[in-house]
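Chemist: Same order as they appear, the protein sequences are chains A and B.
Quick note: the first sequence, position 162, residue 1163 per the numbering used here, numbers continuous.
Quick note: the second sequence, position 68, residue 1069 per the numbering used here, numbers continuous.
If you're looking for bench data, these hints aren't it; they were derived computationally from the structure.
Predicted model, so just to flag it, every value in this text is computed and none were measured.
Take the hints with a grain of salt, since some may be wrong.
If chains are identical, the list can't say which one is meant, so a pair holds when it fits in one copy or spans any two.
Listed below are the simulated PhoX-like cross-link pairs for lysine-lysine, each with C-alpha atoms no more than 25 angstroms apart in a straight line [claimed, not checked]:
1) 1264 / 1234
2) 1139 / 1187
3) 1139 / 1370
4) 1049 / 1324
5) 1370 / 1137
6) 1042 / 1081
7) 1039 / 1081
8) 1186 / 1264
Protein chains: 2
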Amino acid sequence: MAVLQIGAGGVGWVIAHKCAQHNDVFGDLTIASRNIEKCDKIIASIAKRDNQKVSQHTIESAQVDADDIPALVALIEQIKPDLVINAGPPWVNVAIMEACYQTQTSYLDTSVATDLCSPGQQVPEAYDPQWAFREKFKQAGITGILGAGFDPGVVSVFAAYAHKHLFDEIDSIDVMDVNAGDHGKKFATNFDPETNMLEIQGDSFYYEQGSWKQVPCHTRMLEFDFPVVGKQKVYSMAHDEVRSLAEFIPAKRIEFWMGFSDKYLNYFNVMRDIGLLSPDPVNVDGVDIHPLRVLKALLPDPTSLAPGYTGKTCIGTWLQGRKDGEKRSAFLYNICDHEEAYQEVEHQAISYTTAVPAITAALLYFQNKWSDVGLYNVEQLDPDPFLALMPSIGLDWDVHEL
Amino acid sequence: MAVLQIGAGGVGWVIAHKCAQHNDVFGDLTIASRNIEKCDKIIASIAKRDNQKVSQHTIESAQVDADDIPALVALIEQIKPDLVINAGPPWVNVAIMEACYQTQTSYLDTSVATDLCSPGQQVPEAYDPQWAFREKFKQAGITGILGAGFDPGVVSVFAAYAHKHLFDEIDSIDVMDVNAGDHGKKFATNFDPETNMLEIQGDSFYYEQGSWKQVPCHTRMLEFDFPVVGKQKVYSMAHDEVRSLAEFIPAKRIEFWMGFSDKYLNYFNVMRDIGLLSPDPVNVDGVDIHPLRVLKALLPDPTSLAPGYTGKTCIGTWLQGRKDGEKRSAFLYNICDHEEAYQEVEHQAISYTTAVPAITAALLYFQNKWSDVGLYNVEQLDPDPFLALMPSIGLDWDVHEL
């Protein structure tokens, strides 16, 4: 058995640790990235934390440009993995899927290929480039699992579970993501500042009564009393799973909400007002400079935040509807602690919560429970074995009846 | 008679208009700048507003690099002005003073040569480079008038006037500068953003009981009920006139205060927190970039703000002490209206309030009232003719007893 992981950022870091913890199932692991040093750093961290379960299977690094389909094909043919886990940035999804198709290798990722804010790449079209591979994956006789992180991922499985067991009829699905952690910096982003700031200023899209509603960022807010982390303000935002849930889970309204503190939004608003979040270049002393690249250079490297991170994340799916003729309102959620995550895998909870579901889904694939031929979003697959397995991989979950 | 004006920024713009309004006294005017087009724009504006009093005296433009002493000397020798008015940025003061010394030409400026925030250029040393010319100016038989804007300038004259007429003993001199105007932009600076942001984040220096106290920016605040513009928060800040007042006007405490709205300070704090106000370069994709240059490129050009500016400035000197054995507290001040300034000279009140005092002082020089040989800060000269003349040049003033 063998797994090829492509990508060595924060999520890739934890995926590799978790893969190593289960390498009795996965076999040999190859971690590939444009920058091979990042892979070697992860391998050193796995050794340091003693996270490699069995020693007879190898963990190796490889250099690959994930935009380059022939290079990907060559690497896959050399390694012959049973599964490619895509832990790269979203814009490489389509290239890796094509390479998997050409080599007849199964595929798994954790986020959608589009940027969700440029015209033609917004929520209603979010999965178009990847769903275009449905026939190809069937022809190739391989499995593709899309959006197997936390959000998208576990939140979508929660919706499928609620649809299967808890509700006869669903009025609303509200996915809610709150990071109540503290990295101790005045201002920092938890992943690439450029991607993050573009995403946050994009219009939100939510699904209602069969059609898409588009609203400017931060104009729809609600305050929700979360388990453990308490009352938090969350804002309607464009996110991958709103598109796939609208496709696969019947509900009258589907929306994604992200928690932002007043302090965070103040930083965001000032930066936007002065033009620092613009995707357009400005001329600085004769040189065209992208303001967001300057911001990225100024802010702390997101990977540097993990060691000092305290507090918890709470991400879940709030469903309202009816069961057996009675009104029901239930929040299915996970709580993840930044410090505990760091203790185990030397990374913070945001990467941890994305990586554990990917490994849960990969294990189900190896156990032949999530391995039908074809291309699937996780909410199309049976939620029961997933939610039964995930706690043993590192993430608990619970249902809070409201 | 002839005047050479060096500098064609915002203050230079209004100085030229005011010079033209009094060219029966000043004679021929030459406006010189590194960028001659800026001079020609001012000349066109003077014509548009019909601000040239008599037509027999010329108004011409010239190109000069104000850092280049031989070039300055050549220009002065060609024009043979009775007075050089320095309306350039502060860092050219010393070069222009040297050229005036070499050509035996009298000199006038509106701000100090140091940046007030770099080590060795702070308030206690602010006038060292210029006061070093005292002997030279005496030897050359010329007059030098330093700091003849509003602050420094009129506020220093107010202190001299109060010392002469209103107080036997002065406990405190608080210079206070509030711009209660609105330029209609989300965020903008009223002059060069780079200079402005460096100045605002520097430590404040105030003078107390014969020694200098240094405090971080925005740590000393007071709320003052200003005439016309009402209650405003002002913050202790490094400023030129604190140094010269400490030299020439006896007082127990001398301090400068600048008004900042909560909104302005919020922008400032966010920009500082993310590192955008740092004077040190950052590496952006392999290129070293100065964050403040990026900010300058992003923000509106300060010269573009004048047409839409509304509201008023209030700048003055608050003195507390004793007269005839009684406690006294008096605020000497001016109110200036942005729209009225624009109507008259196509610029806003901040440039207007700096330029009118410079022209008032220049007229006193031509009237042989402020023309003794030697180098003087304005508070060393007789305040009475200055305050008698200034209202007719464009700025009223009043005393508010508290």
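Chemist: All hints, please: hold or fail.
Modeler: Hints versus structure:
For the identical chains of this complex, residue 1264 and residue 1234 are neighbours both inside a copy (12 angstroms) and across copies (23 angstroms), given an alpha-carbon limit of 25 angstroms. Taking the shortest alpha-carbon separations for residue 1139 and residue 1187, neither the intra-copy value of 49 angstroms nor the inter-copy value of 54 angstroms comes in at or below 25 angstroms. Proximity of residue 1139 and residue 1370 under a CA criterion of 25 angstroms is satisfied intra-copy only: 17 angstroms inside one chain copy versus 97 angstroms between copies. Taking the shortest Cα distances, residue 1049 and residue 1324 never come within 25 angstroms of each other, neither inside one copy (49 angstroms) nor across copies (78 angstroms).
Taking the shortest Cα distances, residue 1370 and residue 1137 sit within 25 angstroms of each other inside one copy (22 angstroms), while across copies they are farther apart (93 angstroms). Within a single copy, residue 1042 and residue 1081 get their C-alpha atoms as close as 24 angstroms, which meets the 25 angstroms cut-off; across copies the closest is 72 angstroms, which misses it. For a Cα distance limit of 25 angstroms, the shortest separation of residue 1039 from residue 1081 inside one copy, 22 angstroms, qualifies, whereas the shortest one across copies, 69 angstroms, does not. Proximity of residue 1186 and residue 1264 under a CA criterion of 25 angstroms is satisfied in both settings, with 12 angstroms inside one chain copy and 22 angstroms between copies.
Hints 2 and 4, counting from the list given before, are not met by this structure.
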